[in-house]
Amino acid sequence: MTTKPYHDIPGTIIFDPEMAQLGYHLNQFANSLMQAANREKFKANERAYLDEWAMSEEQKQAVLARDYNQMMQLGGNVYFLAKIFSTDGLSFQHAAASMTGMTQEAYAQMMLNGGRRPEGNLYKEQNNG
Amino acid sequence: MARITAGVATSHVPAIGAAMDLGKTEQPYWQPLFKGYEYVRQWIKEQKPDVIFLVYNDHANAFDMNFIPTFAIGCAPEFKPADEGWGARPVPIVKGHPALAAHITQSLIQDNFDLTVVHKMDVDHGLTVPLSLVFGQVEAWPCLIIPFAVNVVLYPPPSGQRCYDLGKALRKAIESFPEDLNVQVWGTGGMSHQLQGPRAGLINQAFDNDFLDRLIDDAENLAKVPHINYVREAGSEGIELVMWLIMRGALNDEIELKHRFYHVPASNTAVGHLVVENKKA
Ligand SMILES: [Fe+2]
Chain A
1 MTTKPYHDIP GTIIFDPEMA QLGYHLNQFA NSLMQAANRE KFKANERAYL
51 DEWAMSEEQK QAVLARDYNQ MMQLGGNVYF LAKIFSTDGL SFQHAAASMT
101 GMTQEAYAQM MLNGGRRPEG NLYKEQNNG
Chain B
1 MARITAGVAT SHVPAIGAAM DLGKTEQPYW QPLFKGYEYV RQWIKEQKPD
51 VIFLVYNDHA NAFDMNFIPT FAIGCAPEFK PADEGWGARP VPIVKGHPAL
101 AAHITQSLIQ DNFDLTVVHK MDVDHGLTVP LSLVFGQVEA WPCLIIPFAV
151 NVVLYPPPSG QRCYDLGKAL RKAIESFPED LNVQVWGTGG MSHQLQGPRA
201 GLINQAFDND FLDRLIDDAE NLAKVPHINY VREAGSEGIE LVMWLIMRGA
251 LNDEIELKHR FYHVPASNTA VGHLVVENKK A
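Taken in order, these protein sequences are the chains called A and B.
Mapping of the first sequence onto our numbering: position 44 corresponds to residue 44, and the numbering continues sequentially without gaps.
Mapping of the second sequence onto our numbering: position 62 corresponds to residue 62, and the numbering continues sequentially without gaps.
Here chain A stands alone, though its shape is the one from the complex:
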């Protein structure tokens, strides 16, 4: 991956054209869940449904594990992936919380307290950047 100015933003994956190419099939799979019939098929046998798509094994494993950070590392975009957690009956807030490693309750409370503060969250530390 080339170095881009946004690669030094901590905890963030920017969905740019490179990521879009990497995630094409993953995102199209996710959007197929906008149709009720496909949601049923997926729920009945997730692995079999995933095998109908030209996704990498890594991408399939990330979906099965509902590891959203990993899905985004592999080219997923949150607005596409939203169709997966909607199929699971979960909200954007639930999904976002799962990406931070916080419990749903702790995350919701952080938002009520004004959200994650910008201080210390705008640049990666020089050491691990």
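Worth flagging that the hints you see were computed from the coordinates, not collected in a lab.
Just so it is clear, CB atoms sit at the ideal spot from N, CA and C, and this is done for glycine as well.
There could be a bad hint or two in this list.
[What the hints assert, rightly or not] Sample of chain A residues lacking proximity to chain B, with all beta carbon distances greater than 10 Å (derived): (1) 10; (2) 47; (3) 49; (4) 50; (5) 56; (6) 57; (7) 60; (8) 64; (9) 65; (10) 66; (11) 125.
[Unchecked claim] Covered stretches of chain A (in silico footprint by chain B; criterion: 3 or more residues with CB under 8 Å from a CB of chain B, positions within the stretch not fixed): (12) 71-83; (13) 92-104; (14) 114-122.
[What the hints assert, rightly or not] Okay, derived cross-link-like pairs now, SDA-like style, lysine to any residue, Cα gap no bigger than 25 Å in a straight line: (15) B:24 / A:103; (16) B:258 / B:219; (17) B:45 / B:86; (18) B:258 / B:214; (19) A:124 / B:179; (20) A:4 / B:69; (21) A:4 / B:226; (22) A:4 / B:80; (23) B:224 / B:120; (24) A:41 / B:118; (25) B:35 / B:139; (26) B:80 / B:35; (27) B:24 / A:104; (28) B:224 / A:7; (29) B:224 / A:17; (30) B:24 / A:113; (31) A:41 / A:94; (32) A:124 / B:48; (33) A:43 / B:64; (34) A:41 / B:66; (35) A:124 / B:210; (36) B:120 / A:24; (37) B:168 / B:5; (38) A:60 / B:86; (39) B:24 / A:89; (40) B:80 / A:86.
Chain B with the ligand: place on chain A using the hints.
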């Protein structure tokens, strides 16, 4: 001639639509948010716009990975609310204004803004939540709406400067339409929010309030803020704010602020809302 009289800016968080659809607006969590929209509910009844040019973004609903237009204008007579994966919102069909949309398309493209022309498109929460916030729960939307979808999902979206300049060209386009119409331009999305990764939940109240200040009276310079500042400081999804600059560009340089509201949180997001009018000449 058609004239632009006013602008509205608002966030378009899906959870706000769900709160309205599920009758939760009086709950303590939501009550302060909806209070911030009482002004616009009254104001819009007095303004009675004929047409709203509504700037929003599609969230991977009408457009999937196959086509991602940077600027797409809806030229159809009507647009259905999208099924975003849990059934379509129970809100009215959106009626367009094909003649004005065709006129704007010609004018903007000849002014060097290369639009994508759309004749069939479902509209998602980005468009329907602002309508619900302003008009409430109604049987039919009381005016015609031209959807204008801006890509902010795939990076990079158009720059703030490009959006602001497009707004200015839009002003020229609307004001050269021969029919006598009261037109409003709305800009939606934002404010600071990040829906992804370990940094999810980022809110930057200082950034947001500075953006609101400058949108009103320093838009020329605000338009120069580069993308990296939005994504770094307002979150990866906070970059939706560039869409507000289309609204601002479409209005006169001098505007009158009628209402300003800011609230944290709605789900993962900071909510901002402005009502502005063109100063009468
Ligand atoms: Fe949005």
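So, going through the hints one by one against the coordinates:
{"no.": "1", "hint": "10", "verdict": "violated (6 Å)"}
{"no.": "2", "hint": "47", "verdict": "holds (21 Å)"}
{"no.": "3", "hint": "49", "verdict": "holds (15 Å)"}
{"no.": "4", "hint": "50", "verdict": "holds (17 Å)"}
{"no.": "5", "hint": "56", "verdict": "holds (16 Å)"}
{"no.": "6", "hint": "57", "verdict": "holds (20 Å)"}
{"no.": "7", "hint": "60", "verdict": "holds (17 Å)"}
{"no.": "8", "hint": "64", "verdict": "holds (19 Å)"}
{"no.": "9", "hint": "65", "verdict": "holds (16 Å)"}
{"no.": "10", "hint": "66", "verdict": "holds (14 Å)"}
{"no.": "11", "hint": "125", "verdict": "holds (13 Å)"}
{"no.": "12", "hint": "71-83", "verdict": "holds (count 7)"}
{"no.": "13", "hint": "92-104", "verdict": "holds (count 8)"}
{"no.": "14", "hint": "114-122", "verdict": "holds (count 7)"}
{"no.": "15", "hint": "B:24 / A:103", "verdict": "holds (24 Å)"}
{"no.": "16", "hint": "B:258 / B:219", "verdict": "holds (17 Å)"}
{"no.": "17", "hint": "B:45 / B:86", "verdict": "violated (32 Å)"}
{"no.": "18", "hint": "B:258 / B:214", "verdict": "holds (15 Å)"}
{"no.": "19", "hint": "A:124 / B:179", "verdict": "violated (54 Å)"}
{"no.": "20", "hint": "A:4 / B:69", "verdict": "holds (23 Å)"}
{"no.": "21", "hint": "A:4 / B:226", "verdict": "holds (14 Å)"}
{"no.": "22", "hint": "A:4 / B:80", "verdict": "violated (39 Å)"}
{"no.": "23", "hint": "B:224 / B:120", "verdict": "violated (34 Å)"}
{"no.": "24", "hint": "A:41 / B:118", "verdict": "violated (32 Å)"}
{"no.": "25", "hint": "B:35 / B:139", "verdict": "holds (22 Å)"}
{"no.": "26", "hint": "B:80 / B:35", "verdict": "violated (28 Å)"}
{"no.": "27", "hint": "B:24 / A:104", "verdict": "holds (20 Å)"}
{"no.": "28", "hint": "B:224 / A:7", "verdict": "holds (22 Å)"}
{"no.": "29", "hint": "B:224 / A:17", "verdict": "holds (23 Å)"}
{"no.": "30", "hint": "B:24 / A:113", "verdict": "holds (21 Å)"}
{"no.": "31", "hint": "A:41 / A:94", "verdict": "holds (24 Å)"}
{"no.": "32", "hint": "A:124 / B:48", "verdict": "violated (49 Å)"}
{"no.": "33", "hint": "A:43 / B:64", "verdict": "holds (22 Å)"}
{"no.": "34", "hint": "A:41 / B:66", "verdict": "holds (23 Å)"}
{"no.": "35", "hint": "A:124 / B:210", "verdict": "holds (24 Å)"}
{"no.": "36", "hint": "B:120 / A:24", "verdict": "holds (23 Å)"}
{"no.": "37", "hint": "B:168 / B:5", "verdict": "holds (14 Å)"}
{"no.": "38", "hint": "A:60 / B:86", "verdict": "holds (23 Å)"}
{"no.": "39", "hint": "B:24 / A:89", "verdict": "holds (18 Å)"}
{"no.": "40", "hint": "B:80 / A:86", "verdict": "holds (20 Å)"}
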